[in-house]
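Trainee: Sequence:
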Amino acid sequence: MLATALGAIAFGAVSFGQGAAQAAEKINIAALTFVSSSPLFIAKEKGYFADEGLDAEITFFRAAQPVAVAIASGDADFGVTAFTGGFFNLAGKGALKVIGAQLHEDPGYDGSAILASNAAYEAGLTSVDKLGGHSFALSQVGSSFHYMIGNVAEKAGVDIESMELKPLQSVPNMIGALKSGQVDSMIIVPHIAKPLANAGAAHIIGWVKDYVPYQVGGLFTSSKNVEERRDVVEKFVRAYQKGVADYRAGLLATDADGKLIESDTTNEILEIVHKYVYAEDPAEKAYPKIRNGAMFITEEGKLNVEDVKAQVKWYQDRGFVSDAANPDTFIDTSFIAPLGQ
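If you count by the UniProt record's numbering, then the sequence shown holds residues 1 to 341, one letter each, in order.
Check before you lean on any hint, since a few could be wrong.
What the hints assert, rightly or not - DSS-like, lysine-lysine: derived pairs with alpha carbons at most 30 Å apart: (1) LYS26 to LYS313; (2) LYS93 to LYS46; (3) LYS93 to LYS194; (4) LYS26 to LYS93; (5) LYS155 to LYS194; (6) LYS194 to LYS235; (7) LYS179 to LYS235; (8) LYS46 to LYS309; (9) LYS26 to LYS285; (10) LYS235 to LYS224; (11) LYS275 to LYS130; (12) LYS285 to LYS275; (13) LYS155 to LYS313; (14) LYS309 to LYS179; (15) LYS130 to LYS93; (16) LYS313 to LYS275; (17) LYS46 to LYS130; (18) LYS313 to LYS289; (19) LYS259 to LYS289.
Since the hints were derived computationally from the structure, they do not count as laboratory data.
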């Protein structure tokens with residue numbers, strides 16, 4: 001079903017909807033096996049896609065940029081992942097439409113952690129303001145990791161030019177390089193960062209949310225889908241929003257003091273997410289890691305439009321995104337009202 005090129009990038013695919021009626025509309029969804037993709041998993045497992053008459057297949061990738069490429073090429077219909085310079089370039093050329101939100105770095109919830117390798121930590125890299133002169137792992141130049149370290153460094157008073165940024169092409173490569181001491185530092189989502197720290201494989205020296213609260217990623221589709229299959233996009237969005245609501249109710253519920261608590265649906269949602277994230281681990285090991293990795297997603301998947309525009313400008317100012325890329329042309333708020341409305 002997927003093109004050969006996409007198959008070479010992806011490391012696995014999960015087919016869904018086999019019991020759906022033959023008339024169901026087939027869609028392909030590109031994502032990462034992160035807790036951040038949970039609304040997709042929930043929407044499938046609870047039948048929200050099927051209820052909308054959609055027969056969904058999810059293909060998993062190792063980095064954010066290939067997800068955008070898959071949508072732009074038509075190999076996949078929808079994507080949920082972090083924004084990158086490459087994404088904005090593709091969107092600026094008219095290939096992509098941002099239609100909703102994925103994760104948001106919010107001060108009230110744990111988000112991506114700033115990690116130091118054991119060797120670097122022992123040598124003195126014990127806080128974010130000491131990152132100068134150290135190496136840093138990222139997936140690609142112009143990736144979300146690049147954006148985060150650029151902004152974190154600026155806020156922490158670190159000269160980014162003094163750091164050695166190492167593009168390693170995938171998240172697994174980044175993790176391996178940090179654990180082995182080939183790089184001094186990296187930024188990664190909490191469901192990966194916390195287990196690394198708890199296992200003594202790295203040290204958490206800070207949190208992105210304390211430096212850069214921002215719209216990490218989005219929900220997007222191709223411009224062609226918006227123009228020619230609007231009804232399918234609307235169905236997908238409705239299912240996704242139901243998944244977001246269940247994710248928030250199960251994993252983001254808080255008490256009056258803002259402390260995370262278990263709700264009556266927490267275990268149900270953990271069971272669903274566990275089928276995709278840390279699936280090789282027993283529940284007693286996986287559930288705490290998933291719980292700790294549940295980052296903030298806005299109600300109804302509402303996008304922080306102004307923040308996305310600020311990201312585009314940051315990439316443009318550094319030459320990673322064409323000056324011709326105009327977020328007003330590729331952000332489509334007709335499916336989900338933006339944050340603040």
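Trainee: Check each numbered hint against the structure and report the violated ones by number, ascending.
Mentor: Failing hints, ascending: 1, 2, 3, 6, 7, 8, 9, 11, 14, 15, 16, 17, 18.
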